[in-house]
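Novice: Sequences listed follow chains A and B, in order.
Counted from 1, the first sequence has number 229 at position 229 by our numbering; the numbering is strictly sequential.
Counted from 1, the second sequence has number 1050 at position 50 by our numbering; the numbering is strictly sequential.
By construction, these hints were calculated from the structure, which means they are not laboratory data.
The structure presented is a predicted model; accordingly, all values stated were derived computationally and were not measured.
Beta carbons: idealized from backbone N, C-alpha and C, even for Gly.
Accuracy of the hints is not assured; some may be wrong.
Unchecked claim - Covered by chain B, per the in silico footprint, the following chain A stretches (three or more residues, Cβ under 8 Å):
| no. | region |
| --- | --- |
| 1 | 148-160 |
| 2 | 186-198 |
| 3 | 201-209 |
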Amino acid sequence: MTTVDAPVALPNPRARRRRLLRKRFLRRPMAVAGLIVVVGFVVVAIFAPLLAPYDPGATDFNALLAHPSPEHWLGTDELGRDELSRLIWGARASIQAGVFATVLAMVVAVPIGLVAGYYRGWIDTVIARLTDVLLAFPFLILAVGLAAILGPSLMNATIALGIAAMPGLIRVARGEALALREEDFVPAAVANGANDMTIIFRHILPNMTSTLLVQATLTIPAAIIGEAVLSFLGLGVQPPTPSWGTMLQDAQSYLAQAPRLAVYPGLAIVIAALAFNVLGDGLRDIFDPRTTR
Amino acid sequence: MAAPLLDVADLSVRFETDDGPVHAVDKLSFTLAHGEVLGIVGESGCGKSVTCMSLVRLLPETAVISGSVHFDGVDLLALSPRRLRQVRGRQISFVFQEPMTSLNPVIRVGRQIGEVLQKHLNLSGRDARDRTIELLQLVRIPAPEQRLDEYPHQLSGGMRQRVMIAMALACDPKVLIADEPTTALDVTIQASILDLMRDIRERLGTAIVLITHNLGVVADIADRVLVMYAGRKAEEAPVADLYAEPQHPYTIGLLNAIPRPYESEDARRRLREIPGRVPSLRELPTMCAFADRCPRADELSRTNVPELRMVAPNHLVACFHPGPE
């Protein structure tokens, strides 16, 4: 028994799993493309001041609604502001809303869902029914309503989007907790003297990280689109701060003369949201143990 | 004789189900001395596991427990949940049947053991790690420094059961309750796990309650055996007496169902099964629960519930017609 303890160099298990996941991930070109776009998007948002050729608020009255040219690669808007610079700065509002709204929703919704799923009983009934009621409202309607109550600003829009994303996440976390509480390691932990909080946060929560990661990558694009919608409606970012939503709003009046002003932010929204979605799908696939490839 | 470590008296466990109550354990009493190995045997569904789970109240809310469980003079059934958590894993710990699923799949084994140490003994992270390595050595896991950082799915079933045992022993408990610890393992591993448990008892003086349906396992390691049938005690005796002179027809039936390929020609006979199955426990018995399956049953067995009586020193049996075959 004890004679075989020659220290064999066992490969670090964590590194091995990471390598496997990376291999699975790299076999999905769509997911890889999604990741590249997402990373590019984040980099642009972070380094906007360095990347933008012009101040996004600087007006040039000699070049109103100018066509694309070497000076203004994507042309200018009705006040002569550089479209490319505004697009780059607009990425900031989008990522801020997308990421922070998702983080906010996770931080609040996951513990609520865990508690509901773990304790069951009346507390679960109350939480689940409230969630059902909130889920009856479409995500954007809820966000618009909340943003209208909170007042227009990027921060309030982000909070509104975060709250609107909570019911869905509560439901996911609750479902996972319901399944995981039946696992054998739960009574084993109880038999070792673990209390409820230890079981919920140290034993059940880590088992749902991959599900939550996928949920996050799917909530971010919803929040990005949500931010654009709120800004478009005047409930989010306020002019002159650039945001893809406000840019669309501005472009509306000049649709006949300069349709490209609507196309750029529209495309940016679509590409950013699509990239996150594709990445999320890819992550879901690689974390799913039933995936055979 | 010194006061027993664990003194269970008139323990009854009833489950309130939608179809009415189920009497899983009925007025069971037993004791466990310091450093003793007690085997609890019986068929599936006769209340072995429920008995042990009820000792530290691990059963679901639907279970109604009555009687008393004195551990070191403290009544466990009257303890607050908080105090009870200090007993679980610290004084009385469990090893479950399924090593494959009883470990948390996403937490490294070293941390799972370390967590128990940090919780109960307030060890620092570093001390807990050192102690964990010691524990893994104790349960004879090779290269513990490396195993520490592995996830459960990277270990074999036998290894996982060793980890479970290491975790159960982490805080040097006084009682180790092992619920079918070898059932899910293959035979060679079973032997080494039993060997390990015997070793632990000798080295650490831990009292062990071993739940099993395998009388061979019990013969191997137990000091005393408690045979349970339908939630009640059928027979209790020191292990040698039980094998030499089984008194209860149910015990005899269980012994006859063990294959003995290496014994002499006349001992090698057809394996005999016990006809019928464990009765439903919906109603409290009005007759001997084993009567319907028993060759010795008569009018008395069908109208009265047999009380335990002593047929030899320390040898208890609940039967109207006890005696070896």
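Novice: If a hint holds in the structure, say so; if it doesn't, say that too.
Specialist: Going through the hints against the structure:
For the region 148-160 of chain A, the stated coverage by chain B is violated: 0 residues have a C-beta nearer than 8 Å to a C-beta of that chain, whereas at least 3 were required. Requiring three or more residues with a Cβ within less than 8 Å of a Cβ of chain B, the coverage given for the region 186-198 of chain A holds, as 10 such residues are present. Restraint check on the region 201-209 of chain A versus chain B: 5 residues with Cβ-Cβ distances below 8 Å, three needed, restraint holds.
Going down the numbered hints, you'll see the structure goes against just number 1.
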